[in-house]
Amino acid sequence: MDTLHEQLDRAIGDGPPLTPIDNHVRAGRRALRRRRAATGVAGLAATAVLATGWYAISPSTPSDSDRLAVDPLSSNTPSASQSATAPAQAPWAERELIRYVDGELQVRPKVVVHEHIKNPYSYASPGLSDALDVTWKGKRQWLLINRDPVSGGASSATTPDNGWASFAAYVSDQVSGTGSGWPDTMRITDQGEVVPTAGTQVFDRTDGLDFGPSFAPQGATSGAAIVSPAGEDGRYFVVWRVLDGAFDVLTLGPDEVADQTLDELVAYASVEYISGDGLR
Amino acid sequence: MSRASRDDEFSEFVAARQAHLRRVAYAVCGDWHRADDLLQTALTKLFVAWPRVHKDGREEAYTRQIIVRANIDESRRPWRRERSGLDGHDPAARSGLPPEERSALFDALQGLPTMQRKVIVLRHWLGLSVEETARELGIGSGTVKSHSSRGMEKLGAVLATREGIVPNWTIVPGDQPAPATLTP
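Chains as they are written, first to last, in the numbering used here: chain A, 393 to 672; chain B, 2 to 185.
Keep in mind the hints are simulated off the structure, nothing from the lab.
Nothing here was measured: the structure is a model prediction, and the numbers come from that model.
Check the hints yourself; a few may be wrong.
To be verified - Derived coverage of chain B by chain A (criterion: at least 3 residues anywhere in the stretch with Cβ under 8 Å from a Cβ of chain A; other residues may be distant):
#1 7-21
#2 41-54
#3 57-65
#4 131-145
To be verified - If you anchor each label on the Cβ, the simulated ranges turn out as follows:
#5 B:G141 <-> A:K502: 54 to 60 Å
#6 B:E154 <-> A:G600: 38 to 44 Å
#7 A:Q583 <-> B:A161: 52 to 58 Å
#8 B:P114 <-> A:K502: 43 to 49 Å
Every residue, glycine too, gets a C-beta built ideally from N, C-alpha and C.
For reference, chain A alone in the conformation it holds in the complex (with noise of 0.2 Å):
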């Protein structure tokens, strides 16, 4: 007589093709990469708010042109990489490339800085806000850091031509806050089709995505393409949906399109939803 863990085990059978294992590690590397990403932007934030408090009680209410500790850059100059060595006045933490101490802001040693924009916000003083090009272990990335009494403070970092055509251009859309500082690629029209926007070349595309709950209603309007944006190469990775009938586009930049097709990067997408995390 059969058991039922046998009966069982014949019935649930074996299944299709199984994933192949580069696609797991992938995936393991992507979300082990935004881990690490969101930690550093987290220990950022968390120092520049210890930051505030040294701020706060700081009496001084340092000039722009003495606001970095060393070798300040001429605003919007792009200049011969230099390298700005900081004082040791507290250890760094890890990722940490910059920072505001007693209203100044301080560069991590050996990070090399390329171009310093000053204060875009323009904010007011005690106010600070700074965007950094720089190099750190060989990466190029795009800093922007600000304090603002009222509200606080926050920090961000990309890399470079991922979504922006310039650095100038990463730190307009930031201190804008409008958009998403992505391109925008795709519209919706009056009849409710998603068509690509002017100049925008569509490579691959697929319409009606179901990645769960989280994602979208179900029969919501949504889809995903491979395109490019008018006056670029770079491929970006867009999926699309209506929400209360808001359009909203989530793009990913060349960097983490790289050379995977339409079928994987809607897979990966699927399993972003399906876990909760999502592409935002």
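Place chain B on chain A using the hints.
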């Protein structure tokens, strides 16, 4: 831990265990595509947590727990895929039992309430103890026994009344309430 080391160890584990883990996912969700997604989600989380989980030798239990604790019912509606790699494969084409028999047993399992189904899978297919099943699902031992008993009862009843099949299984020791054999 170096990236190469993590990749190699993780790959070795996936190569050895992903087929089994996907079967676990399939048993609890009843859809191979959904099982692939559940497995992918679980393995991605495992990769991130690899150093601490691997150090403790809990890779399989960790991954399985993510799979069985997933909120399956929320997404048990018909699943449509954009992925092309699995197209053309008939998810119902499973080897082992004749179609009418395997569908009856498997359909009966899928017809159980979620927790009963999970308990049946963990207790009577994977052979976990009551305590292990309770830990895996995050419920009490008494609840496991209750679900197991009711689940076995319903399985037998469904098969008997809907399909006219006489279940002829025996059960693993430990859960007393379910009968060893059932007759219509």
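Three residues or more, CB to CB closer than 8 Å: is that satisfied between the segment 7-21 of chain B and chain A? holds (count 7)
Given as covered by chain A, does the segment 41-54 of chain B meet the bar of three residues or more with CB within less than 8 Å? holds (count 9)
If you check the beta carbons of G141 (chain B) and K502 (chain A), does the distance land in 54 to 60 Å? Hint holds: Cβ distance 55 Å, inside 54 to 60 Å.
Are E154 (chain B) and G600 (chain A) spaced within 38 to 44 Å by their CB atoms? 41 Å, holds
Counting residues of the segment 57-65 of chain B with a beta carbon closer than 8 Å to any beta carbon of chain A, are there 3 or more? violated (count 0)
Residues of the segment 131-145 of chain B with Cβ under 8 Å from chain A, three needed, outcome: Contact hint for the segment 131-145 of chain B vs chain A: violated, 0 residues under 8 Å.
Quick one: are P114 (chain B) and K502 (chain A) within 43 to 49 Å, going by C-beta? For K502 (chain A) against P114 (chain B), whose Cβ atoms are near 59 Å apart, the range 43 to 49 Å is violated.
Taking the CB of Q583 (chain A) and the CB of A161 (chain B), does the distance hold inside 52 to 58 Å? 55 Å, holds
Going through the hint list in order, the structure does not satisfy hints 3, 4, 8.
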